[in-house]
Amino acid sequence: MMSSTGRLDRVLPGLCGFGLAVAVAMVAAIVFFLVDGMRSGDVDWWGLVAGSDWSPRALDFGAAPMIWGTLIVSTIALAIAAPVGWGIALATKTLLSDRLAGLATAWIQFLAVVPSVVWGLIAVVYVRPLMRAATGSASGDSILAAGLVLAAMVLPIVTAVSLDALHAVPRSLQDAARCCGVSDMSVARSVLVPSASRGLVAGLLLGLSRALGETVAVYLVIGRVDGRLPDGVRSAVSSVAHPGQTLTTKLNSPESVLAGTSGSYWATMCALAFMLMAMTLVVGLVGARLASMTRATRCCGPNRGTGRRSIAVKDGATRAALVAALLVGVALSATVFLIVAARGIEVASPGLLVRRSSGVTGGGLRDQGLGSGLLILTAALLACPVGCLAGLFAFRGVDRRPRRTPRIVALVLAGVPSIVLGLAGYGLLISRFGLGKSWLAGGVVLAIVAVPYVVVAVSTRVDAAPPSQVFAASTLGLGTSQTLRSVVYPFAKPALISGSLLGLARAIGETAPLLFTATVFAGASFPPSSIADAPVVSLPTHLFTIVQDSTSPEARQVAWATALTLLLAAQLMVVVAQVYERRARREVAT
Amino acid sequence: MPRRRVRATRPLLLAAALAVGGCSGAGDALEISGSTTVNPIVVEVAEAYRRQGNDVLIDTQGGSSGGLAQLRDGQIDIAMSSKPLDGADPDTFRGTVVAYDAVGVAVHPAVVAGGVDGVNRVQLAAIFEGTITNWAELGGPDVAIFVYDKEPGRGTREVFDEFLYGAGEPRRRATHRNYAVAGANEESRLKISTTTGAIGPLSIAFIDDSLATLDVEGVAPTVGTIRDGSYGIVRPLLLVTDGEPSAPAQEFIDLTMSATGTEVITALGYLPPG
Chain A
1 MMSSTGRLDR VLPGLCGFGL AVAVAMVAAI VFFLVDGMRS GDVDWWGLVA
51 GSDWSPRALD FGAAPMIWGT LIVSTIALAI AAPVGWGIAL ATKTLLSDRL
101 AGLATAWIQF LAVVPSVVWG LIAVVYVRPL MRAATGSASG DSILAAGLVL
151 AAMVLPIVTA VSLDALHAVP RSLQDAARCC GVSDMSVARS VLVPSASRGL
201 VAGLLLGLSR ALGETVAVYL VIGRVDGRLP DGVRSAVSSV AHPGQTLTTK
251 LNSPESVLAG TSGSYWATMC ALAFMLMAMT LVVGLVGARL ASMTRATRCC
301 GPNRGTGRRS IAVKDGATRA ALVAALLVGV ALSATVFLIV AARGIEVASP
351 GLLVRRSSGV TGGGLRDQGL GSGLLILTAA LLACPVGCLA GLFAFRGVDR
401 RPRRTPRIVA LVLAGVPSIV LGLAGYGLLI SRFGLGKSWL AGGVVLAIVA
451 VPYVVVAVST RVDAAPPSQV FAASTLGLGT SQTLRSVVYP FAKPALISGS
501 LLGLARAIGE TAPLLFTATV FAGASFPPSS IADAPVVSLP THLFTIVQDS
551 TSPEARQVAW ATALTLLLAA QLMVVVAQVY ERRARREVAT
Chain D
1 MPRRRVRATR PLLLAAALAV GGCSGAGDAL EISGSTTVNP IVVEVAEAYR
51 RQGNDVLIDT QGGSSGGLAQ LRDGQIDIAM SSKPLDGADP DTFRGTVVAY
101 DAVGVAVHPA VVAGGVDGVN RVQLAAIFEG TITNWAELGG PDVAIFVYDK
151 EPGRGTREVF DEFLYGAGEP RRRATHRNYA VAGANEESRL KISTTTGAIG
201 PLSIAFIDDS LATLDVEGVA PTVGTIRDGS YGIVRPLLLV TDGEPSAPAQ
251 EFIDLTMSAT GTEVITALGY LPPG
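Listed in order, the protein sequences are those of chains A and D.
Quick note on my numbering: the first sequence kicks off at 1 and runs consecutively.
Quick note on my numbering: the second sequence kicks off at 1 and runs consecutively.
Read the hints as simulated data drawn from the structure, not as lab findings.
The reader is advised that the hints may include incorrect statements.
[Unchecked claim] Okay, the calculated bits of chain D under chain A, using three or more residues with CB under 8 Å as the criterion:
id, region
1, 59 to 73
2, 96 to 107
3, 151 to 157
4, 191 to 200
[Claimed, not checked] Sample of chain A residues with no beta-carbon within 10 Å of chain D, all distances over it, derived:
id, residue
5, Val27
6, Arg319
7, Ile408
8, Gln557
It should be emphasised that the depicted structure is a prediction, and the values quoted were computed from it without experimental measurement.
We treat Cβ as the ideally placed atom computed from N, Cα and C, and that holds for glycine.
Looking at chain A on its own, in the form it has when it is part of the complex:
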């Protein structure tokens, strides 16, 4: 027995390095795919960035309207989500008791669990008609509709990051201000906001990064039309009520498949993906950097309000704004929950999950559920060990600062938009390696979605490993790798579980990557008969097909049932993850 653990100790550091190497290889594969693709044909970069005509037959590739679309949709989203998210975070911090704050946070974070294809369903059924009524447009497909849906999708990110920043403001600063007789609202304005400003900006940037890369929900309501570039401020404003195109919606279109896998058309598609990834990565990494700098506090400025009266007025306005933001968040979460629950329960029955589907959209969800299960299981078997080992690689031993590489790799991986993951999976696994559309390719891609969550969770725990225990282990004569195994790993285990579950909760709702790598329209039976050329059907892609194509009431019912199933599965994983997170926190406390 001794010898087997001894052997484990010898190989453990190497194993951790291997885990990190796999994570790095994932990044490298994506970069290789893009660079190789761009080099397979001529890319006219200037024409791509400045041109506004997109006509592949004439080899005319102008992507300015898509870049504009991506920017304007994200701007609309953040113009709404940032102030509301900041307001919610401030309200939670200043107006609510700890108990209520916990409840409100959990309630609003429910929005983060909703998969983007479910947002797409809500958008098509509710936001499109709303836009029709509001803008007088006959179709409702518009940039504005996409922006509104995105705003709801990124709200929980902005809120969560901002709240972390506010919590990091030293209590002493706030207490000092209060002791001077400053009101709570004035403390919020003059102490909390300035001290946490970096974190608040970080929230905005991380939300923006997500918004830039979001695909499926936008795809379903934006109208996907090329060549729309406003020529002035006025036409820019009025253009939001009309259809447009973004980088992600173009990449998610069939053109990615019909561009072949080499030549200038394909190279241009890869260049679009590269531009998109550059945007999400830069914004995301700057955001993450700012978020990690929130502990460095700044001195607060002088309270500029003079008279008692003007302060009272300002306080009143602040309080009203914060309450309003909080109400918007709570109401939005409640609305989404009630819509999906009510419409899903209407049709949900245990039989639905047992019956096989008939035709394209009718019948049960048996094979879709099993398919999603297989994809998630595959992703878990890959992502958990890789993420755990890569995360543990952060540990360097007693009295030495942990390595930051795992976290950086994870942040890069998390910044890759899922549509780019899908295209990389399609280009490398399906096409180049000849795997064909298969559950294995889908599982690998979903694993890449989940890995960053695991790495961040585990490496954060490694950072937090109690120095006393680590030190005790070293005084008992344990080496670095023995300490890693007997102290750090057990300590990080709850984080491994919660991180994995959070990553898989995100992965189970991913749609765009599966469309390119793992699922087909019909004929995929369960279980698949091999690893290559063995596609499956899945819940999110099934839902996507119905939302996009079906008017029949029966299909719509199946759609809501699918949405509810997906949401429950993701929410269940998140709830279990939270149980483990709490356990982890208790361990720190004891």
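Let chain A serve as the given structure and place chain D on it in line with the hints.
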């Protein structure tokens, strides 16, 4: 401690063994992908094909051009195409015409109810380019026209553009704002039927009670007018293989051309060849 580790490892090993064991065979299903217009025929024929003990996978990502691209890359066995093969396709491609279909000019029912029953080629081009923007200009209701075109690469789009502008001529750019695209036929049907004043090209097999069609140059798209060639926008529906079809592919094509296939094709509203 060691006992616990064993407990945790055993299910993992079991799962891995199952995964490997269950997946040793090679995928041998016939793979078909492409046009959503040909898809309903293939889905129905596939039922019969499966009853004969065969396996078939059907995908529609990318429409006709997507299917042909996948065929060129060797990812699939048969491509479904709703447009004729042309010089851009490899010489090795072998197409079999399994049916004929008309591209209908589908509109929201209120347009026909409001008094528009037909358009000519010039008017159609003007509508799609955005120079005619209101149905009142064509004697219909005072409702703005909303164009739901097919996205680039779709067979319907290419056949329709060829009708408007002649072979190989690119579409003049549509610059008007009431213009969006749809992908699959099902999506076109959904979008046109739920948008007031909408118009779009759509396979007549997909036109149901939720939509109406306009006559083109005075001719309504029916089986009769497709057969006698008086309706202007008719196209063949093809099953395409790269080189001579493999035995299973040939079997599938034969089944589509048999009485079984003809029955399916007629029931769906397409015209069998011959």
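- Would the least Cβ to Cβ distance between A:Val27 and chain D come out above 10 Å? holds (26 Å)
- Query: Taking 10 Å as the cut and beta carbons as the points, is A:Arg319 off the interface with chain D?
  - Reply: holds (43 Å)
- Within the region 96 to 107 of chain D, is the number of residues with a Cβ closer than 8 Å to a Cβ of chain A three or more? violated (count 0)
- Message: If I take the minimum Cβ distance from A:Gln557 to any residue of chain D, is it greater than 10 Å?
- Response: holds (16 Å)
- Going by Cβ atoms, does A:Ile408 stay more than 10 Å from chain D at every point? Correct as stated: the minimum Cβ-Cβ distance to chain D is 29 Å, above 10 Å.
- Item | Three-residue Cβ test at 8 Å for the coverage of the region 59 to 73 of chain D by chain A | holds (count 12)
- Report holds or violated for chain A covering the region 151 to 157 of chain D, Cβ cut-off 8 Å, minimum 3 residues. With 4 residues closer than 8 Å to chain A, the region 151 to 157 of chain D meets the three-residue bar; holds.
- Query: In terms of beta carbon proximity below 8 Å, does the region 191 to 200 of chain D have 3 or more residues touching chain A?
  - Reply: holds (count 7)
Hint compliance for this structure: hint 2 alone is broken.
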